[in-house]
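Q: Could you put together the complete structure from these sequences and hints?
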Amino acid sequence: MKPPAFEYLAPTSIEAAVAALGGEEAKVLAGGQSLVPMMNFRLLAPSLLVDISRIPGLDDIREDDDGLRIGAMTKHHQVETSHLMQKHFPIVTATMAHVAHLAIRNRGTIGGSLCHGDPAAEWPGLALLLNAQLKTTRRVIPAGDFYEGALATDLADDEILTEIQLPSLAPGTGWGFEEMARRSGDFALAAVGATVHLSGDTVAEARIVAIGAHETPLRLTTAEGLLKDRASIAAVAVAAMDEVSPNSDLHGSADYRRHLVGVLTRRALTAAWERAA
Amino acid sequence: MIKVTVNGTIYEREVEPRLLLADFLRHKLGLTGTHVGCEQGVCGACTIILNGDSVRSCLCFAVQADDGEVETVEGLGTVENLNPLQTAFQEHHALQCGFCTPGMLMTGVDLLRKYPLATDAEIREGLSGNLCRCTGYENVVKAIRVVVDAEHGR
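Protein chains in written order, with our numbering: chain A, 1 to 277; chain B, 1 to 154.
No wet-lab data here; the hints were simulated from the structure. Keep in mind that the hints are not guaranteed to be accurate.
Below, a list of computed lysine-lysine pairs in the DSS-like style, where the Cα atoms sit at most 30 angstroms apart [to be verified]:
no., chain 1, residue 1, chain 2, residue 2
1, B, 114, B, 3
2, B, 142, A, 27
3, B, 3, A, 27
4, A, 228, A, 87
5, B, 3, A, 2
6, A, 2, B, 28
7, A, 87, A, 27
8, A, 135, A, 27
9, B, 3, B, 28
10, A, 2, A, 27
11, B, 142, B, 114
12, A, 87, B, 114
Stretch by stretch, here's where chain B covers chain A in the computed footprint (C-beta under 8 angstroms, at least three residues) [what the hints assert, rightly or not]:
no., segment
13, 5-13
14, 97-103
Backbone N, C-alpha and C define an ideal beta-carbon position, used for all residues, glycine too.
A: Listed below in structure tokens is the structure:
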């Protein structure tokens, strides 16, 4: 279908964008790869779109002492081909292959995906796994506090996400990301990301995040706590299944998704363990 | 009023904000080579190149392309003088009904520009966002393979 009528503004400063958002049924338009289909379906009918793509300085990837800073308007394809990302967060580079298709990755933005907050999307899960700090026009929000539910974030109506800060991983941190989708580029039926940092033979820190298995991306803290050695991965995977609460839909039942979380946790953790030094 | 360069020609038109870029090309400019299938970004038929990147023209408002450069299937070649990718599609039977073909071609153009496409798996992955209900894809992959190999003198 065609989208309903709306007013359109394309400010060239972040201040003007924030000012435009006050008081109306307004939405921020980033890359539009989630918003426009929802408008075409008439699931959303904002009266005003504020296109932030003409604001300079929101789409670069920078390295600093603490890690990487990624402008919110950076496109998936930029991330996919970034040498800085490959160097610091190879898990992100590897995960980009699961994000939709080339034409969507060419236009869709990291910030847009995070603010849309689809529980089956990769970026919200990656942000939680990597302890991202989400910088907005008002404050810095830890990724763990950002989501309130499916497609619902803590952002105020006139607050714009400007930067994603990814803190450096401890040297030698291993990682794994495993996703199951019906077809290449589809949203995940379920996905699991994991990082493992070893100190000698003991686990200094393990993080496991499930995607598509809850109304928000979910850290599996109980499962994380059970990881003691390589042999314990099977038990961790069983615990992971108990920690998620997936929905059933025509693409897969809740039981099937729960099963997938177990399998994908085992695979992601095994990969992370093997990569950990 | 927006100004968009399409296949090298500058067009200035008055548009409603809600006009999709696909409909701008088809209805305002009469460039009906770009096809509209699902209007939700799934089928890939409306794929064009905007500022050097393949994009879904059904997931982009024409106003977002203001001051931009668009390439559509009409810019590739003419009936008398097909470009190499179009020739390969013709010779290798990479289309039947032709509805998905403009999107396949424009995706193919972006893939050929950006990726080495050393394996057929890369070509398949690159085409995964373009649906075809006739060919079974084999011949589309073959046509792109032929162009890649020719470019590398194989």
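Q: Are there hints from earlier that the structure breaks, and if so, what are their numbers?
A: 2, 7
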